[in-house]
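Visitor: What follows is the residue order along each chain.
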Amino acid sequence: MTNHWVDIKNADVILAMGGNAAEAHPCGFKWVTEAKAHNKARLIVVDPRFTRTASVADIYAPIRTGTDIVFLGGVISYLLANDKIQHEYVKNYTDFSFIVREDFGFQNGLYSGYDADTRSYQRSTWDYEMGPDGFVKTDPSLNHPRCVYQLMKQHYARYTPEMVARVCGTPQDKFLQICDMLASTATPTRAMTIMYALGWTQHSVGSQMIRQGAMVQLLLGNIGVAGGGMNALRGHSNIQGLTDLGLMSDLLPGYLNLPGEKMKDYKAYMAAHDFKPLRPNQLSYWQNYDKFFISLMKAWWGDAATADNNWAYDYLPKLDRLYDMLQFVELMNQGKMTGFICQGFNPLGAAPNKAKLNTSLAQLKFLVIMDPLATETSEFWRNFGEHNDVDPAKIQTEVFRLPTNCFAEENGSLTNSSRWLQWHWKGAEPPGEARSDLQIMGEIFTRMRAMYRTDGGAYPDPIVNLSWPYARPNSPTAEELAREYSGKALKDLADPKDPTKVTRKAGEQLAGFAELRNDGSTASGCWIFCGAWGPTGNLMARRDNSDPTGIGQTLNWAFSWPANRRVLYNRASCDPTGKPFNPDRTLVAWNGKAWGGADIPDFKVDEDPTHGMGPFIMNAEGVGRFFARTFMADGPFPEHYEPFETPLSSNPLSPNQPGTLNNPAARVFDDDRKAFGKPDQFPHAATTYRLTEHFHFWTKHVRLNAIIQPQQFVEIGAALGKELGIASGDRVKVSSNRGYIDAVAVVTKRLRALQVDGKTLHHVGIPIHWGFKGLAKPGFLANTLTPFVGDANSQTPEFKSFLVKVEKL
Amino acid sequence: MADMTRRRFLMVTGASLAGSSLALLGFSPTAALAEVREFKLARTTEVRNTCPYCAVACGIIMYGLGDDAKNAKSSIIHIEGDPDHPVNRGTLCPKGAGLIDFIHSPSRLQRPEYRAPGSDKWQPISWDEALGRIAKLMKEDRDANFEAKTADGTTVNRWLTIAMLAASAASNEVGYLTHKVMRSFGTLAFDNQARV
Amino acid sequence: MALQSLDIIRRSATTLPSPEIREPTGGQDVAKLIDTTKCIGCKACQVACMEWNDLRDEIGTNVGQYQNPHDLSDSSWTLMRFAEVENPKGDLEWLIRKDGCMHCADPGCLKACPSPGAIVQYSNGIVDFHEENCIGCGYCVTGCPFDIPRISKKDHKAYKCTLCSDRVAVGLEPACIKSCPTGALVFGTKDDMKQHAAERIEDLKSRGFENAGLYDPAGVGGTHVMYVLHHADQAPLYSGLPQDPHISPNVRLWKGVSKPAALAVMAFTALAGFFHYIRVGPDETDASDEAAAQEMARKQEKAP
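Residue numbers (the numbering used here), protein chains in the order written: chain A, 98 to 906; chain B, 23 to 218; chain C, 2 to 305.
Source of the hints: derived by calculation from the structure; they are not laboratory data.
Among the clues, some could well be false.
In silico DSSO-like pairs for lysine-lysine, Cα to Cα no more than 27 angstroms straight-line [as the list claims (entries may be wrong)]:
#1 B:K171 / A:K433
#2 C:K155 / B:K62
#3 A:K433 / A:K462
#4 A:K830 / A:K771
To be clear about the criterion: a stretch of chain A counts as covered by chain C if any three or more of its residues have a C-beta under 8 angstroms from a C-beta of chain C, and this derived list gives those stretches [unchecked claim]:
#5 374-383
#6 722-731
All values reported here derive from a predicted model rather than from experimental measurement.
Every residue gets a Cβ at the ideal spot worked out from N, C-alpha and C, and that includes glycine.
Isolated chain A, as found in the complex:
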C-alpha cells in the first residue's frame, strides 16, 4: 500500500477492482465502511462476480475476467477526453511533458523492438529523448507529438466506451457512471483510493493492470494524498515483509537487485545502479544504492567483506535468468532439480496445474517440509483416491516433514500491507517436538558449515565466512536477527560536516538509513527496515495508538518502513509552493524552513519547494511516470492482451496482428502451451478465489472455519444453470484441459451472463480452499484446473482467467 489501512477512512471515492476486500480483508475493509459512514464516501466495485464487497457497494459493474486493461484504458481515455484531470498535479508531478525518443513506436498491439523468437522486447527505444545538458527534453506546452501526454492520449483513443462494453461485457451506462464518479476526484479536495489484490496480479498482464490503476490515480492527483493511493491488499501476514526482504530469485533485501551474470563484475553492477538524475535538482534517492548494498554485505559477511574483495561480491550467486516458482517447477519437471525445501508453503495446491506439480515433485531426490500443519504437499506421494491418484511405490522421493511452531509460540515481527513492522510475543510452547524455523535454519546451516570447515567442498567461502554472531549458533533468536537487519555502526561514525564529532559509536544501533555509509563502517541487513530496532530499542513493539490530528496517523504505533513514514509520496499532497491541496487532510506542509506535519515527509526535509525538486524522490525523473520506459517487459503503456485461455479468437484491440492475442512478452513453456484449452471444448470463463470463511489451505484444518464453510463448491450463474439443467446443491464436474474437479453447485444470480464480442459468455467461480487433508470435507485442489503461465513481469500465475467446461453429474 502507498497509504495504509486506517487512511482509507479519508477517501471520498473507493474503487475496489481486482480485489474483494470485504471477503479477503474484512477488518481492513472496516475503513471503507467508516469512509462511507463518516465521509459520505461512495464505494464502486468492478468484478466478474457480485461479491460480498459488492453487496455493500453504491455501484457494482460486472466485467469479464482478464479485461481490466480495457476498462481502465477506457477510464484514462474518458478522463483525458473530458478534461477530468488534476492539472496542477500532472503538470508538475508527472512525466506528461517529457519527450520520448523518435524511434519508439507502437503498432497493431506491438511495441518497437519485438523479437518473436525469444518472445521478448529489445527495449532501448522505450526511453526519453535526452538533451545536450544530459537531461530529458520536455515540452511544458504539451503540444509536442511525442510528449508522454500526446502519446498516451493517442494510445488510449482506441479504448472507447463501446470497446469496453464489447470486450469487458460491462454495460456502457454502468461504465460511464463509474467514470463520472472517478472523475469527481480530479479536484484537489477530493481523493479516491484504489484497493486491489490478486484479482489484478494473477493475470498474464497483471503488472500492467496495476500500473494502469496507478496511471488513473496520477491523472486524478490521488497519489501521495490522504485517502488516496494505490493500495495492494496483500494476502499473507508477512508477504510484504518477505518481499521487502527480497526472498525471490532476483532480489536482495530492500529491493536491491541480485546481480546477473551479464554484469561481469562489481564495477559494472554499480554502474548499472548509479541512478543519475534525469532532470535538474532531483534527489533520485537510489543514488545511495552503494551504501545500502555495502551495508548488506557487511551484515552478511562481516569482516570477510572488504573494499579489496568488492565487499564479497563474488559470494553472491549470479543470475542467468529468473528462477521463480514456475521456472523451477518446470526444471523439476525436466528432472533437473535434486532437492526442494518448502517452508510453510503448500505448492501442490498453490502452484498452477496440480498434475504437473505431482510429476515434478516425484522426480526430486528429496523434499523437506517445514510446517505447523500437515499439508497436501507433504503427502503428494500418498494415494487419496481421485483427489490425489498416485502410486507411492513409483515415487522415489525421500520426504522429511519437520514440525514448526505457529504464530502463538514465537516472538518476532510481521510487516503488514501498510508496511508496518509489528512485534508479537510468544504465549505458549509449540506442541510435541515442534521447533522454530529459526532453529531449523540455524541447524541446517551450522551442520553444513561444519562439514565445509572439516571436509571442504565446492566454494566453501561464502558459507564458512558467513557472519554468524548469534549467542546460540544453532538457534538464533528473533531479537538478534531484528537488530541485525535494522543495522548498526561497525566503527565510530563521524559527522561528515564536522569530523571531530562522533554521531554514532561503534556497536550502536542506527536510527535510520540516512546513517548508512559506503565505506564498510555500517551494517544493515535490510536498509528499508533500518531504524526498526534503533538506538532507543525495538520500535516495532511500540503500542501508543494516539492519533493527534484525527486523520489516522498513529506514528508511535509500531514502525513503518521507510523511516516510519505512513503515506508514501506525501510531498505530492501539497501544491508546488508547499501548501496542502486539501487543508482538511494535511499530511505534510512547508513552513518556510522545513517540511513537517502529521507524517514523516517523503522529501528532503529542508528543501525549498520553489527549487523544483519533484515529489517522487525514488525516481530519477523526480516525477511519476505514465511512460514506464524500459522497466516493464511488455511495454511502456499497458495494452490489452487476452488471457492465455480466452473465449475470443482474436484481440479486438489489435485484430489483424498475429501473436498479439495473448501477452507477446509472457514466458510460456512448450508443454504448458500444449496444455492450454480452446473455447470450442471449454466454453466457460473460469476464475479462482478465496472465500471470507477460509484462508488458503490452512483453515480447512481449523474446526471453526470448517464448520462455517464445510465443503467444496463452485459458483455458476443462474442463466448457465438453466441452460445445463443444474440446480443449487447438484453435483457438477468442472474440467479444463488439465484435469477436472467435482463439487457442489451454488447457482446464483450474482454471476451474470455477459455479452462479449456479440456472444453470451458465462463465468464459473471456483473457490480454492479444499484439498485432501484437514477437517473440512475432502475435496479437489482447485489448481487441478489452472494454466501454467505467469505475468510477463512478475511471473504470477494466471489463476484468475482460464477456460473450463461445466457438466451436471
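Given chain A's structure and the hints, the job is docking chains B and C onto it.
Guide: Same frame as chain A, but now just chains B and C:
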C-alpha cells in the same frame, strides 16, 4: 413436542415432577443456579500477538491458562481482537476469530517424520537424524552441481539444483535468516508466496 | 453489573414477584443493533459466538448456498442468512441478515415456558435460558415468533443466544459485537442504539434507500436486538424476517392459566409427552440410553 422420544419422555416426566414440587412452593431453583456463567478470562494471562492470516495484521490478545507462575503450563484458551490496535480496534474476521482452533488443530505436526523412497507411510525420525541427513544430502548435491564459472569464464558461484519456497507467514526474522543462509549456499531457485 | 438474582425481573413459571429494589444508572437497558446495510456476511460473529461459548457445531455439507451451518442449532446460536433479491431497477441486492435471538421485551419463550426459572429476563433486557432448569418440552420454540430456540439432540435442552450475559455481566460487549469487522454490529444502551440507527438511516436515504428504517417490532414489546434495514417496509425480503411479529395467541392463553397453577402446566407437559409416546411410539434408543434416562429421572425425582 413433536419429536419427543421415549428417553425424553422419561426425562421430562422426571424433571417435571422435580420442578413441580418447587413450583408449588412458589420457589425457583437456588440463587447460584440463576446466575450467569462465570467470566472465563478473569485470571488468565494476556499476551499480544498478530493474526497470522492476511496482511491487515490485526492485533490479537491470547488468553493463556494460568497466571504465568513457574509451575503453571500455559495453554491458549481464548483469542480475541486487541481493542488498542489502530486497524482492527478489537474486531476480527471469521478466520481470526477462530484462531484458537488453528493453534489446537488436530492437523498440527508433533514430531519429525520421514517417508522413504517408494514407501506409502510415514515413519518417525529424530531431529538429529533428520537434520543430519538433510544437511548431508544438500552438501552432496551442492558439491556435485555447484557452478563456479560460466563457459566464458564469468564467475557466477551458483547452485541451481536445489529450490526453496519460503513462507510468507513466517516472521521477518525467519525470512531474513532464511535468505541469508540460502544465498550463502549460492541458491537462485528461491521464491515465496508473493504471487499466490 | 454482575447479573444475579436481584437483576432478574421475570422468571418463567414463577409466581413470586421479582426483586425490584435496584435502581441502576446508565447502561442497564442494553441493545444490539444489527445494521444489515453494513454487514458483509463474513460470519465472524458466528465464529466468535461458538468460540466464546465453547460450542462447535457439526462440520456439515454444502447444500448449494453460502449459509453454513444450514440452520440455527443447539451449537449455532447465530447464523448469517443470505438472500439474493433483484430490485425494481434491475440491480441485484444481496441481503444478508444475522439471525438469532431478538431478546424481546415481551418474550414469548418465557411466557410459554412451563419450567420455573428455565427462562429469565434480566433488568438490562437480556432474555437468558438456564438449561439446568430446562425440561426440553419445546414450548419456548412454539412461543417464539422468530423461530429461534433449538432443542439439543444431545441433552434435550433448549439453547439460544445469551447475548453473552457472562460478558455483559462484567461490563463487556457480547463476543459477536466485538468481532464484527465492519461495525455492522453495535452494542450499547437501547437509546444510544436507536440514535445510531437514526444516523445510519439518514445516510441510507441519501444513497437512495427511501424506505430504510429501524426494526424494533412493537408486537413483542420492542426488542433488545434491532435491525437497520434498507427496506424496512419489506422485512420478509431478509430471509423471512416477520414484518409484524406477535406472540402466538395460544401462548398468551395458556400462559394466563399457568401462572397461578404451575402444577397444572407440569401435568400437561407430562401428559403431552405421554400422549405423544402412545401415538408415535418410541424412537430407537439403545439399552444404555434407556438406563441412563431411567437413572436420570430417578435422581431428579429424589433431588429436592
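Visitor: Starting from B:K171, check that the Cα of A:K433 is at most 27 angstroms away, please.
Guide: Satisfied, since the Cα-Cα distance of roughly 19 angstroms is no more than 27 angstroms.
Visitor: Take a quick look at whether A:K830 and A:K771 sit within 27 angstroms of each other, Cα to Cα.
Guide: holds (22 angstroms)
Visitor: Are there three or more residues in the segment 374-383 of chain A whose C-beta lies closer than 8 angstroms to some C-beta of chain C?
Guide: violated (count 0)
Visitor: Has the segment 722-731 of chain A got at least three residues whose CB is nearer than 8 angstroms to a CB belonging to chain C?
Guide: Contact hint for the segment 722-731 of chain A vs chain C: violated, 0 residues under 8 angstroms.
Visitor: Are the Cα positions of A:K433 and A:K462 separated by 27 angstroms at most?
Guide: holds (11 angstroms)
Visitor: Holds or violated: C:K155 and B:K62, Cα atoms, limit 27 angstroms.
Guide: holds (24 angstroms)
Consistency note: the structure conflicts with the earlier hints numbered 5 and 6.
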